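Given chain F's structure and the hints, the job is docking chains W, E and D onto it.
Chain by chain, the residues run as shown.
4 protein chains.
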Amino acid sequence: MTEMISTSVLNAENASREPALKRDYDSLGERLSGRGIDIDAIKNKVAAYGVAVPSWGVGTGGTRFARFPGPGEPRNIFNKLEDCGVIQQLTRATPTVSLHIPWDKVADLRALKEKATSLGLGFDAMNSNTFSDAPGQAHSYKFGSLTHTDAATRRQAVEHNLDCIEIGKALGSKALTVWIGDGSNFPGQSSFTRAFERYLDSMKAVYAALPDDWRVFTEHKMYEPAFYSTVVQDWGTNYLIAQELGPKAFCLVDLGHHAPNVNIEMIVARLIQFKKLGGFHFNDSKYGDDDLDTGSIDPYRLFLVFNELVDAETRAAEGFKPAHMLDQSHNVTDPIESLMTSAMEVSRAYAQALLVDRRALEAYQQDNDALMASETLKAAFRTDVEPILAMARLESGGAIAPVATYRASGYRARVASERPAVSGGGGGIV
Amino acid sequence: MTEMISTSVLNAENASREPALKRDYDSLGERLSGRGIDIDAIKNKVAAYGVAVPSWGVGTGGTRFARFPGPGEPRNIFNKLEDCGVIQQLTRATPTVSLHIPWDKVADLRALKEKATSLGLGFDAMNSNTFSDAPGQAHSYKFGSLTHTDAATRRQAVEHNLDCIEIGKALGSKALTVWIGDGSNFPGQSSFTRAFERYLDSMKAVYAALPDDWRVFTEHKMYEPAFYSTVVQDWGTNYLIAQELGPKAFCLVDLGHHAPNVNIEMIVARLIQFKKLGGFHFNDSKYGDDDLDTGSIDPYRLFLVFNELVDAETRAAEGFKPAHMLDQSHNVTDPIESLMTSAMEVSRAYAQALLVDRRALEAYQQDNDALMASETLKAAFRTDVEPILAMARLESGGAIAPVATYRASGYRARVASERPAVSGGGGGIV
Amino acid sequence: MTEMISTSVLNAENASREPALKRDYDSLGERLSGRGIDIDAIKNKVAAYGVAVPSWGVGTGGTRFARFPGPGEPRNIFNKLEDCGVIQQLTRATPTVSLHIPWDKVADLRALKEKATSLGLGFDAMNSNTFSDAPGQAHSYKFGSLTHTDAATRRQAVEHNLDCIEIGKALGSKALTVWIGDGSNFPGQSSFTRAFERYLDSMKAVYAALPDDWRVFTEHKMYEPAFYSTVVQDWGTNYLIAQELGPKAFCLVDLGHHAPNVNIEMIVARLIQFKKLGGFHFNDSKYGDDDLDTGSIDPYRLFLVFNELVDAETRAAEGFKPAHMLDQSHNVTDPIESLMTSAMEVSRAYAQALLVDRRALEAYQQDNDALMASETLKAAFRTDVEPILAMARLESGGAIAPVATYRASGYRARVASERPAVSGGGGGIV
Amino acid sequence: MTEMISTSVLNAENASREPALKRDYDSLGERLSGRGIDIDAIKNKVAAYGVAVPSWGVGTGGTRFARFPGPGEPRNIFNKLEDCGVIQQLTRATPTVSLHIPWDKVADLRALKEKATSLGLGFDAMNSNTFSDAPGQAHSYKFGSLTHTDAATRRQAVEHNLDCIEIGKALGSKALTVWIGDGSNFPGQSSFTRAFERYLDSMKAVYAALPDDWRVFTEHKMYEPAFYSTVVQDWGTNYLIAQELGPKAFCLVDLGHHAPNVNIEMIVARLIQFKKLGGFHFNDSKYGDDDLDTGSIDPYRLFLVFNELVDAETRAAEGFKPAHMLDQSHNVTDPIESLMTSAMEVSRAYAQALLVDRRALEAYQQDNDALMASETLKAAFRTDVEPILAMARLESGGAIAPVATYRASGYRARVASERPAVSGGGGGIV
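Chains as they are written, first to last, in the working numbering: chain F, 7 to 436; chain W, 7 to 436; chain E, 7 to 436; chain D, 7 to 436.
A few of these clues could be false.
[Said to hold, decoys possible] DSSO-like, lysine-lysine: derived pairs with alpha carbons at most 30 Å apart:
#	chain 1	residue 1	chain 2	residue 2
1	F	281	W	281
2	D	282	E	281
3	D	281	E	254
4	E	282	D	210
5	D	210	D	282
6	F	210	W	282
7	F	254	W	282
8	D	175	D	282
9	E	28	F	28
10	E	281	D	281
11	D	28	W	28
12	F	254	W	281
13	F	210	W	281
14	W	180	W	119
15	E	254	D	175
16	D	282	E	210
17	E	282	D	281
18	E	210	D	180
19	F	282	W	210
20	W	119	F	254
21	F	281	W	282
22	W	282	F	282
23	W	210	F	281
24	E	254	D	180
25	F	210	W	254
26	D	210	D	180
27	E	282	E	51
28	D	254	E	281
29	E	210	D	254
30	W	121	W	180
31	W	254	F	281
32	F	282	W	254
33	F	282	W	281
34	E	282	D	254
35	F	51	F	210
36	E	281	D	210
37	D	282	E	282
[Claimed, not checked] Not close to chain E: a few residues of chain D, all C-beta gaps over 12 Å, as computed:
#	residue
38	36
39	120
40	166
Calculated from the structure, these hints are not laboratory results. Just so it is clear, the structure is predicted and the values come from calculations on it, not from any experiment. Ideal placement from N, C-alpha and C gives every residue a C-beta, glycine not left out.
Looking at chain F on its own, in the form it has when it is part of the complex:
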């Protein structure tokens, strides 16, 4: 196993924090015990939990206005895996990486798999990209991909998805995630109905190539890059797709892809109830698809999503097996730090949701005691579960304080000297 951060740094950082952690963990354990909760049981669940990291997340993101790259940006998928290795080593919460094709396309898949294995990483869902044109591509996606009015363009987009499945098979992935930018910028530009018919036709061709033990996740998004309509605009359309395609098709929920004010946790509940929740792209947002760090804007909303997930887990809801992935754009932070922090936020929401007194909650719901039902959730949310998360990390070989340990390690400066800088990109579009 290749350790990206030296064990001596990690151990030293942990050693200085371990006594305080033990004290806090015991103190919290005592208080939880008073509420009838076994802290070790929670810790074990948290330790077993993981969220996938997107390969593209370790590079600096940007906007249509500009991109401001940081030092030591990864040059290729091998660099990216190393950065992902850091995240997993310190947080022990991100055991898999999700690739984006063609961005992460390489000739030697065996080498890629070996690299991942050496870093203790596996591969999560494959992501296909038909929202931008790759160099030398025969047909442009300017006016759509899987829904294009031109059959050859649609076929090219279908083939690309089939390629992604093949790559995924070689790497041990078990799922394909399809998000497309197809849509329209003006009323009339596209026929809603015909475009969706074409979409379903294309996706049926992709679905037909899906191995038996794979799942396909389709992802809805209200707008951007299309600014009047998008083909898979909301969970309603997403559900129709999963229904039309068949039992291996599921809906992916990206927390930032909804209209303002929408109750996302309710959508999650509906998809669970109708056995079509595929999983998540976690992030946070205040305005649109801001792709900010998970839990940074509205942590209670994240908790409420996990409250539904733990509810389903507790009920052993039929067909419930969501995939969890981060999907963020790191424009002003070190991507490694943001991804570590976000993975911990996801774990935190999970831990808090595990603390909900579900028997009491159900009784309050039955009695229409709205105030106490609300307080039951708030009480779980207010519990500072950091000692649980930190202890889970420590016992799994990770860092009590991942960001501090990472900074102490000097990793960023090291890769900055090894990886040549590239120009900004992304600018000039207004």
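Chains W, E and D alone, transformed into the frame defined by chain F:
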């Protein structure tokens, strides 16, 4: 036939406007002819088109802060029918009335039907009310109706819907519209999943009682009166309901019941495509469920909805038979004037959508000529079709200028003297 | 001093919880001490903090669709004060009551003041109501009050505000809060400019009557009850008003009165910077002016507002003296329970904001260390400060667990037997 | 004068359409005459009206996901001016161009001015860019420009604005537009107050360098590229800036820069009333800053903005002299076609607003006749003013049908052969 507005007033008003109308109609006909359109064919379609008026719409609406009644408010459903009679007499675009039970409940249904017939009115969908408590009601709907945790309350709500069907059968209605206020104000107050299971159970009992030639319309709404979640929050959930219930169940779209920025015309297209569009509650809004006069805030959005409807009509889409109804709250206008104006706005959007050059549009869509596709819709929308609407009214016995004719008739002053005023109501809630 | 809840119940409830509280308080104190924070200093600040209760909040609220009253609703302002007395007795965080005139108008102001004093309550800002018509009122506010096109109506509205000042003077209030429903439902209905000119004229007349030691708070709101435009629609207009009126005029921020996604804490910062922050109407919301319990939907947002307030307090920002008031509608809970819980949420946000390491935060800001700046706020927010709040209550004579103690006291059942029920109201408006 | 489109093509295209135009113009004139309106007077006002074209608008825009360039994209500002020359030649509604520095920076300003003059173009406001890093720039704007915590970076940003003024002076511009991307992505990242203090300091330095006959326009935007807060987030802050800077400082309104549902025409009215409306960036949007073609999504909203402008023009409001500019991103259309169409949409809204019967409107407002006030605006909006616009173009030497004429000219194919293609850019950012 009882004419609520005297024929002499109507004739005099029309006479003064007829020469100009003829001139404008001919001039427009000539210009449309240059675009290959037969103005009389459009006029005939418009003349055949009708939108239902809600019985509750002829009273002054209000907010939780206050209600400011106007003079001559209807005291009962017979008064309301008379006001609806005025609207239909002058616009010839509102041949049916939609009742709300228990608000419009009467002992003598035969008398009610005769009254309507005498006014040239029929009955559209029945609306059940389980969002407020009627005097003497055994179980309160404070915490829900069809989804209540208490079985007896759910049963009461189901029975009320069965009553509505019975009343409707006696009156010649062929549809039941179900909108409920059920939901929650706080996270945790209600289990999304269990509440929806109860909803489906209740609705299945209602559905079972539906006559073979009836349809049931369920209506989604994002929020209000519940402010954290509503059980039928969006078209996705609404579609699931229609699917679970069966072939007589359809989704009703109220234009004001969506999240900000949502592309409503696209939802309409999806429901048509999947054969579950039941119909509309027309109104307009800028913020929430403002229930403003149709077309008063964003007339282009209304046109785009009708563009989808005419597209489906032209394609003879399978199962396409939407019901059209106004649903507005008239807080600062004379409700009769607002309903006449709104009925004309609906007809206007229909007429404009009929003018779209669909062959050209389809070609532009096929060629991804976004600009010309957009301009094709805009060209139809920009056409001032008022002469077509006015001519259709005139030839059907209505008024060229309904509002002016209504004002000239003195109807409001007359009923103000006949109908005693009641106190405001609605206030005191902040 | 009249104790609404018997001391024996209170003491018994506290006694059962005191040992655990002491343990939790000490444990938290130790952890905070490790972060360089003196828990007693925080507790003392929290104990000194108070938020006003609105007199109208102790009645059950409703929507335009319905109101579902609970048992024992207050019949008059004396009843309301008693309920407010319960809230203050148990939480020790709500020392004042804010009246609404004419709802709370009484002949004998001396008796009112004595009643309040006997309950340990003072009077916060006076609220004038010109958004609904009082019985027998000469001019209707249907089309506006302070901005009405009719001078006599404007004068009446001005006079009403002058009355409010007089009543407030008699009761010891020091501020007038003006929120009006004036606006328009349709484009064109009102001239934005002329309406605002009339508003300023009217308010100048009110301002002229303001005692020297009073302040006037104007409150902006984006929409409702007007659904196209409101005269004081946002903080920009609100600021212009405060600037035009003079040094005793300030802007009031109701957390639920903004457009979707608006950054409210930033508005708070701007008003502080320009010395025009008057204070708050606290509540929470997911969609519009939902008036839900404070902190029930997005507790982090509430914390971020308090982060600005504590920042200003720490900097001793010039002219910084905001008034704090709850303003909520309790539709599905016992209003007393909601107000107690909400007062505690406000205190909680204050306590959390006091924990922010401001020196570290400023350094991170200076260095553009976005991640650590964000984490600095999150660390404070994540701290469970309940032991601090509970200890502050206990030491001030309140309840460790106000809701449980209130339920144990049987207060609601007692007043239900003493106060006759009234009919629902609020319904029938759709 | 260099004609970019050959006169023979233009004349031929016009000749084929002139008879029908004359007929339509006369027919409309007759109808308007019946409403007391002189069509020639309207036409003359429309002919005198112009909107500036942004130099960056003639290139294909994109999103953070991808940019799909079209054929014949301009390589430099001289190419761009030629494209702008086409737009002005055919529409006669875009006499000036607005530059963006450093994008349009050239060594030889005299040559640039001569080029513009030869095309019949002048220069509108200068736009400074401190939201992206130019190659070789000493200090990065990653964490801000005019508000950066580092004084040297702020100074660099100020200097850049001073450069823009110098360039503008050489070119005959009379205004500087300042929009910055400064803000924060996370709560805590930036101090709202200190950042705004730094902003004001920087802008005061820019203001000090402003020639006496210049104006400076500051532009607010709610979000993007910053996703938690922006320094000039709304018109309230924008107004404070204009007030702090002085009499040459004004607020610029970009129609796409507001929160959902915000009443933009009301903001326009407030800024006019307080003498701080600087002008507009016109475009349209459904979700965020979509930068779609003006009038393509909500044409009535555009009309309502112009209704305020014409109202102010009619009243001869003090200090009213707004600058008009298009600011759009053309991702799926030929930019020249979109800009021509958009310029015509702006003229259309102006023409429609000129048709409003302002005397009647004022009377309805005075009488609170909301319905007729609304109908008065709708009647003007519904008038198809295309014959007026086309006649104004024809008489000024432009095209009756600019898009058709442009297509007939083969201009795009010609420049495609002259201007080498460049790679996509903009992609790879997710």
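Practice prompt. Against the structure, test the hints numbered earlier, and report the numbers of the ones violated in rising order.
Written response: The structure breaks hints 15, 18, 20, 24, 35; every other hint is satisfied.
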